[in-house]
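Student: Just so you know, the sequences run in chain order P and V. For the first sequence, the working numbering assigns the number 1 to the initial residue and increments by one for each residue that follows. For the second sequence, the working numbering assigns the number 474 to the initial residue and increments by one for each residue that follows.
Rather than coming from a laboratory, the hints here were simulated on the basis of the structure. Warning: the hint list may mix true and false statements.
[What the hints assert, rightly or not] Each computed BS3-like pair below joins lysine-lysine, with the alpha-carbon atoms no more than 27 Å apart:
| hint | chain 1 | residue 1 | chain 2 | residue 2 |
| --- | --- | --- | --- | --- |
| 1 | V | LYS562 | P | LYS388 |
| 2 | V | LYS807 | P | LYS373 |
| 3 | P | LYS388 | V | LYS807 |
| 4 | V | LYS703 | V | LYS717 |
| 5 | V | LYS807 | P | LYS375 |
| 6 | V | LYS660 | P | LYS388 |
| 7 | P | LYS375 | P | LYS388 |
| 8 | V | LYS807 | P | LYS378 |
| 9 | V | LYS660 | V | LYS565 |
| 10 | P | LYS425 | P | LYS375 |
| 11 | V | LYS598 | V | LYS721 |
| 12 | V | LYS660 | V | LYS717 |
| 13 | P | LYS420 | V | LYS807 |
| 14 | P | LYS179 | P | LYS425 |
| 15 | P | LYS388 | V | LYS598 |
| 16 | V | LYS692 | V | LYS598 |
| 17 | P | LYS179 | P | LYS420 |
| 18 | P | LYS388 | V | LYS717 |
| 19 | V | LYS703 | P | LYS388 |
| 20 | V | LYS721 | V | LYS660 |
| 21 | P | LYS388 | V | LYS702 |
| 22 | V | LYS873 | V | LYS532 |
| 23 | P | LYS420 | P | LYS373 |
| 24 | P | LYS373 | P | LYS239 |
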Amino acid sequence: MRKKIQILNFLPVLFVFLLAFVFYACEEFSEVGNPPSLGKVDFSRVVAIGNSLTAGFQDGALFEGAQQYSYANLIVQQINSIGGNVNFVQPLISEPGIGTRLYLRSLSPLTLQQQTVTGAPKNLTHPAPFNNLAVPGAILYDVFDTTDFAAKSSARQNPFFQIVLRSKAFGPTMFHQAKALNPTFVIFWMGNNDVLGYAASGGTRGTDPTGKLPTPDVIFQLLFRQAIDSLLKINTTVKVAVANIPDVTVIPFFTTIPWFIVDPTTGSPVLDQQGRPIPLIGIKGGQPAQLGPGDLVLLTASSLIATGYGLPNVPPFNQLPNAGKPLPDEYVLDASEVAIARAAIQKFNLIIDTVVTNPTRAGRVVRVDIYSKLKDVKEHGLEIAGFKFTTDYITGGLFSLDGVHPSSRGHGIVANEFIKAINTKFGTNIPYVDVMSLPGIQLPTTAVAQGKYQIPKVPAEALKRVVDLMVGR
Amino acid sequence: MRFILTLAVLFLVSTTSLFSSGFQINEHGARATGMAGAFVTSYAPISIFYNPAGLAYLKGTNLSLGTTLIFPSARFRGPYQLNTTQEHKMVKQVFYPSNLYLTHTMESGLAFGIGVFNPYGLGSKWPEDWVGRAITVQSDLKTFYINPTIAYTFADELSLGFGFDYVYSTVTLTRKITSFNPEVDVKLEGSGSGVGYNVGALLKFGLVSLGFSYRSQVKVNYSGTAEFKKPTVLDPLLPGGNIKTSVKMPDIIMAGVGFSGEDLTVEFGYQFTRWSSYDVVEIDFENETAAQRDQTLERYYRDVSIYKAGLEYRFGNFALRGGIAYDQNPIDDKYVEPSLPDSDRWEFTVGAGYTMGNLTIDLAYMFVRFKQREVIGTVVGFDGVYNASAHLFGINISYKLF
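Using the sequences provided together with the hints, build the complete structure.
Tutor: Okay, structure coming up:
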C-alpha cells in the first residue's frame, strides 16, 4: 500500500516532464530572410555600356574565359537564377583572346609572362546588336561619338570598337545600338578611362583637348548628363544602374611598387646609414628627383628597376646596367599628379551623384558606389566565407594579373554591389553571386624553382598595351 | 590493467563529438544522463566523473562500462554576405564517447578507482564543395581522460575525493584554400597530452545532500603536421611540415543539492565551465614562408553555466529517471563559425535502470533542442542562421564484482 502511494506521488512529476519534453521535442526552425524576387522590374532586355571593366577584360586581354565572368553577365545570371530568362549576348572572343595576355608563371618569385594573342570574335552572325556593348578603351565621349568606328579602331590601334559595334546597320555608336535593342534595363559604367588614361601614363598623356590631363569636368558633366538623359528617353520605363569611379590609390597598378628601394633577397626596404629607406629616383617637374611617400610608382616600372633605372649609381646598385638613370616620367605618378587625378575623380563622382539623384531622374536611376566599396576594401579588407579580399596585387584576389582590371572574383564583388543597389532602389531581391564559386588565381601547371626577387616581375610591354588602351585618343 | 589499456586503444579509435556547449561533453554514464547530469549528490562508479567523493559510499568492487551514441544534425542558412538563405546541411555522423569505471571501496571508508572517459570533443563535417569550405570542411577533436581517484569518508556525513587526470588528445582540421584555381586542400593533424586533477566533496544531512566537484583546466600541447594537397608550383609557398599548438581544456565546477528518500532522489544542479581559458589558438609552423605563417585563431569564449534538475524513482529492481537542463553556449555571435555551430540549448532526458543480482543495466535518452541562432557580423564573413538538434542514447552495464 505504501509503495502504491509513492508511485502516485511520482506520476504527476513524470507527467510534467513528459509534457515539457513533448512540447519542446521538435527542433526550433523558422523562416528567415525574404524570398528572392524580381519585384516589378522588367529585366527582359538588359544592355550594358562601358569600357574594359564592363567588357570583362582581364590579364591584359579580352577572352571568352574572362568575358563569361564580366560583372554584367554575372548580374544577368543571378537574375536568371530566379526565373529571369534574360538573353544577354556578349561579343565573345575565342581563347586565347585579343590583347597582350599575361600568364602567371611563378608565385615565388612572382613572375608573369606575356603573350600577344589574336583570338577571333565569335557570335559574328548574331542578328542584333550585342547586349554587352562595352568597348575596352572607351571614354565617356565615345558613347555618342559618331566617328566611323572602323576608322576609330585603326586610328587608336584599338580593335574593340570594330569588334563590339560590328555593323553600321545596328547604329553608329554604343548609344545608338543600345537604343536599337529598346532596353528595359541598362548597366552603365563609364568615365574610368577619363582619368585612368592620365594616371596610368604617369601623368604624361590624357583625355582632355591638350592630351595632357584628365577629361575636364565641365565636359564630363555635359557628356554624363546627356548619356543618362538619352538612355532614359529610349522608353518611359527603362531603368539604369550607374557605377561611379574608384580612386587610383585602390588599384594595385599604382600601389604595388613602393617609392623606395627594396632588397630583392628579403623583400624589405634597403636602409641608409641613418636607418631610412633609400628613395627611388624619378622625374618630377621635368627634373630628376628623389621620390617620396606621396609618389606612386607604376607597376610597369618593375622590370625597369630590375635593370637599374631609378637606383643611384653607387655600390652595390652600380652593377646594374642602367643604375643612375631616373625612372622615366611615364612610370611615376608623382604626388602633384596624384592630386590632379584624385581631384578629377572627386569631381566626376560628384557629377554622377548630382545627375543620378536629380528628382527628374531619381526614380529610374540608381547609383552603385564602387568608389566607397573599394575604399572600404582597401582600408579593412573584405571577408567573405573565410576568404579575405584585399586590394593587394594578385594575392588580394580582387584584381587580375594586369593590376587594373578585376579578376573573376573581383567581377563577382562588383556584380554584388550592383545587385545590392538595384535591390535597394527597385524593390527586387536578387541573390548575390557566390563569389567563391568563381575561379581564383589560375595556377601554372609546371613547377618553377624558388627564386629570390620579391618585386613582381611584370613585363612592361604587356602593361603598356593596357595603358595605351586607356589613354584613348 | 591490461584490460584498461586495451580499452584505451579502443577509445582512441573511437571518437567523441560535438554537442554539449562549446566542445564539452557531459554524458559519461547512462544513469546520470537519464537525470540530465544532475549527479553530484548521487553515487555510483560513474561518480569518478561527476563527483569522486561519491566513491566512498559504494560497497565492494564495481565495474561499469558504457557509451553514449550521439546523433547530431545541423544546418546553416546563408551566408548573408551573398544575400542568400540557401540551406546547407552538416554531413550526418554518429559519435560514441565512451566510459569505463573500476572502483573498490573498503570497509574503512577508503575507496579508490580509475575512470576513463572523453569529456571534450568536437566533430563536424560539411560537404567538400560547400560555400564555407574556406572556413571548415571537417573538424575532429578527441580527448581521452584517464582519471585514477581516491575517496575517503571522514564521517557518515562527509566524504572527500581526489583524482589525477592524464589526458591524451588528437585533433584533425581540414579546409580548403580557395585563393587558387585549382583549390588547395589543407589538413592539420596533431596529438598531444596534458595533466590535471579533480576534487570532490559530498555532505549528507539526513535526506539532504550537498555535492561539489571541481575538475582542473588541462593544457594539451599538440604537435603534428600541416599537409597541403596542391599543385607543385605552390611548393615554395606552402611546404607544410611540422606544427605545434596548444589548447586549454577549461575547468569545470559542479555543485548540487539533492533530496534522497528510500525510493526517490531529486537533485538540482549547477555547472560552471570556465571557457574563458579558450581565448586564442596559436598555430606555430616550423617552416614559415610568405603564405605559410604562424596563425592565431580567435575564439574568446565566455564562461557559461548549465542549470539542471534530475530525479530517480526506484521500485524493486527497477529505476526510472527524468531530467531537464538548460545549457548556455560560450561563443559570442561574431566568433560563431560552422565547425562548431553552437547555441543555447534545452536538454530533456529520460532513463531507466534494471538490476539482476550483481548486474545493472542503465539506459538513457536525451533530446537536445538548440535554439535557432542568427549570427551577424562574424569575423569569418559568414553570417546566417544555424539550426541544430541532437539525439543521444546512453547505455551502461555495471557489475558488482564482489
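Student: All hints, please: hold or fail.
Tutor: Structure-based check of all given hints:
no. : hint                : in the structure
1   : V:LYS562 x P:LYS388 : holds, 24 Å
2   : V:LYS807 x P:LYS373 : holds, 22 Å
3   : P:LYS388 x V:LYS807 : holds, 16 Å
4   : V:LYS703 x V:LYS717 : holds, 22 Å
5   : V:LYS807 x P:LYS375 : holds, 23 Å
6   : V:LYS660 x P:LYS388 : holds, 20 Å
7   : P:LYS375 x P:LYS388 : holds, 15 Å
8   : V:LYS807 x P:LYS378 : holds, 22 Å
9   : V:LYS660 x V:LYS565 : holds, 20 Å
10  : P:LYS425 x P:LYS375 : holds, 22 Å
11  : V:LYS598 x V:LYS721 : holds, 23 Å
12  : V:LYS660 x V:LYS717 : holds, 14 Å
13  : P:LYS420 x V:LYS807 : holds, 23 Å
14  : P:LYS179 x P:LYS425 : holds, 23 Å
15  : P:LYS388 x V:LYS598 : holds, 22 Å
16  : V:LYS692 x V:LYS598 : holds, 25 Å
17  : P:LYS179 x P:LYS420 : holds, 26 Å
18  : P:LYS388 x V:LYS717 : holds, 24 Å
19  : V:LYS703 x P:LYS388 : holds, 20 Å
20  : V:LYS721 x V:LYS660 : holds, 21 Å
21  : P:LYS388 x V:LYS702 : holds, 21 Å
22  : V:LYS873 x V:LYS532 : holds, 9 Å
23  : P:LYS420 x P:LYS373 : holds, 12 Å
24  : P:LYS373 x P:LYS239 : holds, 22 Å
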